[in-house]
Amino acid sequence: MASFILRRLATSVPLLLLISALIFALLQAAPGGPLAGSEGGNSAGEAAMQRLREAWGLDLPVWQQYLRWLWLVLQGEWGQSFNSGQPVLELVAQRLPATLQLAATSLVLSALIVLPLGIWAALRRRSAGDYAISALAVSGMSMPIFWLALMLIYVFSVRLGWFPSTGLSDPRSGASGWALAIERVHHLVLPVACFTLVTVASLVRYVRGAMLDVLEQDYLRTARAKGVSESRVVAWHGLRNALIPVVTVFTLELPRLFLGSVVIETIFALPGVGRLFIDSVSVRDYPVLMGVLVIASVIVVASNLLADVLYALLDPRVAVGAR
Amino acid sequence: MSDTRPPAPPVVDTPDAKTEATAEGMWQRLRRHRAGLWAGVLLAVIVVACLAGPWLSPYDANRIDVLLRDRPPSAAHWMGTDELGRDQLTRVLVGGRLSLITGLATMLLAMLIGVSVGALAGYAGGWVDGVLMRIVDAFFSVPGLFVLIVAVATLGVSFWTIAITLALLNWMSTARLVRGSILSLKAQDFVEAARVLGAGHGRIVWHHLLPNALGPIVVSATLGIATAILAESTLSFLGLGFQPPDATWGRMLQEAQVPVLQDGHWWRGFFPGLAIFLTVLCVNFFGDALRDAFDPRSR
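Note that the protein sequences, when read in sequence, are chains A and B. If you count the first sequence from 1, you need to add 51 to reach my numbering. If you count the second sequence from 1, you need to add 223 to reach my numbering.
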């Protein structure tokens, strides 16, 4: 098992280097580079531009710039925002709580909904309820999330006035303690509903499929033949094995704890990482864009690794088979 | 190793097929998939309406009529009018052209990359396969929407930047699928027979392997259109995709935010979004019916 994990780790490092090079190349392709906006400028002057280029290493060949950048990143030097001058990591850390609140709440809620729903659909295969869940799943997957959000805000916020439509809390209310907590929950209802609906829709088929696979296995027939009660067969022998692929699928959703949802954060004006990213795109804040992209890629690769390792831990046949 | 996510199970569970894996059996299975067929019909209607609609409509998509501003849906204007008095139905149909064409172009490009890489990796095997599959892994680990946003913002908004970037972010599953099919096909006797008869590598891949892998290719192409349409409209909704005067459904929704939320003109947002939703829904259902028709074993 240890060697399995080590081998997986060893493939992740070159993978990350490749991805970071891809991202670096992409940002280099920007016409004129990061200083394009200030060029031909009034007071800056050619000499000042040259000093800036040297300071940021923009006069070096691209591959040297990449190595230089990589070296700095590995030392924790992620640069400063062109826009605010704040260190990139600090800026991201400021935005993370909002994203975590939204994404963690939604993912936990999704798990609580999707597990019973998927299992129920598998047990009642081809019943009206099963078809209804499938129809719901494909509708949710085809749903443009910004449309859903816009319509939910229109109905529940504009028309009915039940929920606030933007932000994490109302700065004017001056609430604190429990009142503030309730206010925050109130603000999160609509965005969490959108996030959860779409997540449930995309995951329910995996749960159903995993359960169906397990229900066909010989060991379930054996359990029944031994006289184990049906509910115990399903809940103990069935569910435990069905959960293995489900754990994998959920692990692959983990990057969303960092990435959140660009669309939901934008439309509900939540000050999260996704929103930071969009704001940085419009002002071409390259250090921030680069930082967010790199952290995001590291998290994606790490989640893939974690999913593989969890799978191997839960189902030892995988590690043996991969040898 | 990356993307350990198992292949997505199909949308609708069809009765067990007792049909042959022939063209006729395929057609039988497709017909039994009633939801999928209706989705195909509705999709055809949407496409034809977008292509022909602007000519059939009595209104000009860009004609401004200040007397008809902000009207809710009525018999004369089925989807209402916007703040300049333009007919929304006509605008939705015109906007659909760019959305659909972007989806189609993206899919074709993604297929070109995916099928080439998959076929090369599967056929060549060895280190070529290893390198190509690591590249697939790398692309799978890239946060797609973020990269799309940065790429379009830095390279400039144009039809081809959007289509090419989207394709570059969505070819990987096709490559894996094709590689898998080629791997299992190339071990079969008819390939050996072709080689003995003197067929070159190109001929074997093009005439013997790819035609037999057509099923998965067509299915992933169909589902690729759905992904592309959704991604393009997300980008345009964020204001980072197509810019006026180009209209797509996503762009229309972007412009509808203020009218819907501040003035309560729900029709401005409802209909363009409905168009995206219905189109993507139909493509997904239809793709699913196709998958079932090509591969009766899937569940």
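For the record, the hints were derived by calculation from the structure and aren't laboratory data. Virtual Cβ for every residue (Gly too), placed ideally from N, Cα, C. Incorrect hints may have been included.
[Said to hold, decoys possible] Among chain A residues calculated to face chain B with C-beta under 10 Å, some are: (1) Ile70; (2) Leu78; (3) Ser190; (4) Ser208; (5) Trp213; (6) Ser216; (7) Leu305; (8) Pro306; (9) Ile318; (10) Gly325; (11) Val351.
**OP:** Could you work out which earlier hints the structure fails to respect and list their numbers in ascending sequence?
**Re:** When the structure is compared with the hints, numbers 5, 7 turn out to be violated.
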